[in-house]
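Residues per chain, in single letters:
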Amino acid sequence: MTAFLDARSLPDGTQLTPDLAIIGGGPAGISLALALADSPFSIVLLESGGLDFEQPIQNLCKGAETGVRYTPLDQNRLRMFGGSTANHWGGYCRPLDAHDFETRSWVPHSGWPFGIEALKPYFPRAQALVEAGPWRYDDTGRHLNGAYDGTVMKLGRGGVYTSFFQFSKTAGDTPPTWFGTRYRGEIKAAARVQTYLHAGVTALRLSHDARRIVQLDVAAIRGAGGAGKRFTIRPRFTVLACGAIENARMLLASNDVAKAGVGNQNDMVGRFFADHPIPRDVATMVLFGGPVSTLYWNANDVNKTTTIADGSVVRAVFSPTPGFLREQHLMGSLTTVEDPVSLDDAGTAAVVATAQALGVDAGSAHAYTLGVGMELLPDPDRRLTLSGERDGLGMPRPALNVTVSDADFLLYRKVLREMGRQLLASKLGMLKLNYRDHDGWMHGMTKDKQALAGWGNHHLGTTRMSADPKSGVVDADSKVHGVENLFVAGSSVFPTYGASNPTMNLLALTLRLADHLKAVLA
Amino acid sequence: MKRRSLLAGLGVLVAAAAAGGAAWKLRLFRKRYPPGPYDDVLGKLDDREWAAKFGETAVTALTRFAPADAAAALRPRLAHDSLQKVALREAEADRLVEADGWLAPESVVLIAALAKSAD
Numbered sequence: 001m002t003a004f005l006d007a008r009s010l011p012d013g014t015q016l017t018p019d020l021a022i023i024g025g026g027p028a029g030i031s032l033a034l035a036l037a038d039s040p041f042s043i044v045l046l047e048s049g050g051l052d053f054e055q056p057i058q059n060l061c062k063g064a065e066t067g068v069r070y071t072p073l074d075q076n077r078l079r080m081f082g083g084s085t086a087n088h089w090g091g092y093c094r095p096l097d098a099h100d101f102e103t104r105s106w107v108p109h110s111g112w113p114f115g116i117e118a119l120k121p122y123f124p125r126a127q128a129l130v131e132a133g134p135w136r137y138d139d140t141g142r143h144l145n146g147a148y149d150g151t152v153m154k155l156g157r158g159g160v161y162t163s164f165f166q167f168s169k170t171a172g173d174t175p176p177t178w179f180g181t182r183y184r185g186e187i188k189a190a191a192r193v194q195t196y197l198h199a200g201v202t203a204l205r206l207s208h209d210a211r212r213i214v215q216l217d218v219a220a221i222r223g224a225g226g227a228g229k230r231f232t233i234r235p236r237f238t239v240l241a242c243g244a245i246e247n248a249r250m251l252l253a254s255n256d257v258a259k260a261g262v263g264n265q266n267d268m269v270g271r272f273f274a275d276h277p278i279p280r281d282v283a284t285m286v287l288f289g290g291p292v293s294t295l296y297w298n299a300n301d302v303n304k305t306t307t308i309a310d311g312s313v314v315r316a317v318f319s320p321t322p323g324f325l326r327e328q329h330l331m332g333s334l335t336t337v338e339d340p341v342s343l344d345d346a347g348t349a350a351v352v353a354t355a356q357a358l359g360v361d362a363g364s365a366h367a368y369t370l371g372v373g374m375e376l377l378p379d380p381d382r383r384l385t386l387s388g389e390r391d392g393l394g395m396p397r398p399a400l401n402v403t404v405s406d407a408d409f410l411l412y413r414k415v416l417r418e419m420g421r422q423l424l425a426s427k428l429g430m431l432k433l434n435y436r437d438h439d440g441w442m443h444g445m446t447k448d449k450q451a452l453a454g455w456g457n458h459h460l461g462t463t464r465m466s467a468d469p470k471s472g473v474v475d476a477d478s479k480v481h482g483v484e485n486l487f488v489a490g491s492s493v494f495p496t497y498g499a500s501n502p503t504m505n506l507l508a509l510t511l512r513l514a515d516h517l518k519a520v521l522a
Numbered sequence: 523m524k525r526r527s528l529l530a531g532l533g534v535l536v537a538a539a540a541a542g543g544a545a546w547k548l549r550l551f552r553k554r555y556p557p558g559p560y561d562d563v564l565g566k567l568d569d570r571e572w573a574a575k576f577g578e579t580a581v582t583a584l585t586r587f588a589p590a591d592a593a594a595a596l597r598p599r600l601a602h603d604s605l606q607k608v609a610l611r612e613a614e615a616d617r618l619v620e621a622d623g624w625l626a627p628e629s630v631v632l633i634a635a636l637a638k639s640a641d
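These protein sequences, in sequence, are chains A and B. As numbered in the working numbering, the first sequence has no gaps in its residue numbers, which increase by one up to the final residue, 522. As numbered in the working numbering, the second sequence has no gaps in its residue numbers, which increase by one up to the final residue, 641.
Just so you know, the hints here were simulated from the structure itself, not pulled from any lab data. Not one of these hints is a red herring.
Using 25 Å as the maximum straight-line C-alpha spacing, the simulated DSS-like pairs for lysine-lysine come out as follows:
#1 A/Lys62 x A/Lys229
#2 B/Lys566 x B/Lys607
#3 A/Lys518 x A/Lys120
#4 A/Lys259 x A/Lys470
#5 B/Lys607 x A/Lys427
#6 B/Lys566 x B/Lys553
#7 A/Lys154 x B/Lys607
#8 A/Lys427 x B/Lys566
#9 A/Lys414 x A/Lys154
In isolation and in its complexed conformation, chain A is listed as follows:
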């Protein structure tokens, strides 16, 4: 067993020479270390935080923001062992869809260098890491039985269907899986993995020909958040696994040899940042015949989830079908039932008159607000750069420009309209679409004044994957273009994003990277 070491305890000027350095002790870094734990290679896992939250270290995340209102950068990620799974993750899991990987003519800059088939072998292990139970997702309907009386809404033929989230859970404990506590023992037990806490990497040093990383400059972070003793690491290979903000920031800030930053020879680092807008109250759904099934909305659970007979924790959502998405040139979205709502007189009249016209009794009608998590169109100007300010370690602070286009909202509105059509055609109910213009949608994203509201806080893009170095930062193996021994793990490599929450998907991608690293390290 190797105890965690505090970098503050290392003598000044220490030099480490592991086979592999993993920068970032979040879910990607921990999963990568675990996947390689049985390999013969020496691994150093570097975490800038400690085992618990420390505000001065968290302050290192602060940065500037422009564009639409976005969560402050020091509030949507956690600098501590286990990363943002500590208490910033809702535990929502769902695999990306096959079309998320495709090059779509109507989505500029779309397409992964491989299809979903490349990730499928890794999904079961990723699912196990997040402890989400049996792999159910869109097959959930088949696993409902007598022990659970909920039903899947019969929306009929059309472009919207019921899909399912599953939820990360710690058996018998509060969900979701907190990687820092859940896997602390396994990381400690890994003889070839040495974890350093309070170890802040301040530079990736390139060789003179800029083709290899030859050294990592590291500062032990003092309690007040400033730099303490300095040490260096000269690994054979390095993996950046500190999230889409910090991964790009690290590459851009390491600019002593390559003036534009490491891997930024084509000005791609930091571009195509994305997140999932989660506007609330996007529509009012009325069901003529009674309350919605608890599969969609369970008043007794904070995440509105339901535990079905096989123990899976699920929540039903509405998704565009792949066919509808392709036919209408849409982006991904997952529409959720949020809260019961009362109708005003005009709404009641609309419901009663429409139900009567359809020959349906609306005497037991129930109304709910809907929310959504939606995929944004890739935008190179939604971008992370460096600001003129520096943090306590002397690193340039990030500056993030966040955009949401009218097209993003209008494409999703087509999904709502189709859902409304299907509700009518199946005589189940009807929809009121609440937002028409950009201001309305932005109101939906900001009506909750909490800082974290309005966005899923899923940092994506910034080191996007592409077979062509001119349109991406990493290749299909997650290796930084032009640098032989530098890789990136995490959702920063997603070139297009899908609507699914990224954690389980980025873990599958990380496990794939682990297999590749086993080959290149050997």
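Keeping the supplied structure of chain A fixed, place chain B upon it in accordance with the hints.
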């Protein structure tokens, strides 16, 4: 109060409720409308009052709404089919109108607006 009086009072209440329900079923208390030029269309409605209430919203969704035009548009649709069949067919065919966000079959919106105009 004596038990007999109480039972008698309850009996009266039950009888009144039953009579009210029957009257409602027989539409005795529903609003009566004078004859109008669109009765052939509005007669397709199960409940004209609710349609007229929705009509307040529906009419805002229709640019340059003219009752005569609406009736003319509805007559051929409803000539051989019930409003229910027409509404369902329109929902299936995505022939829908948004009235203050409420998504409804076009004919339902039209007839609601017509009901309001004739109210």
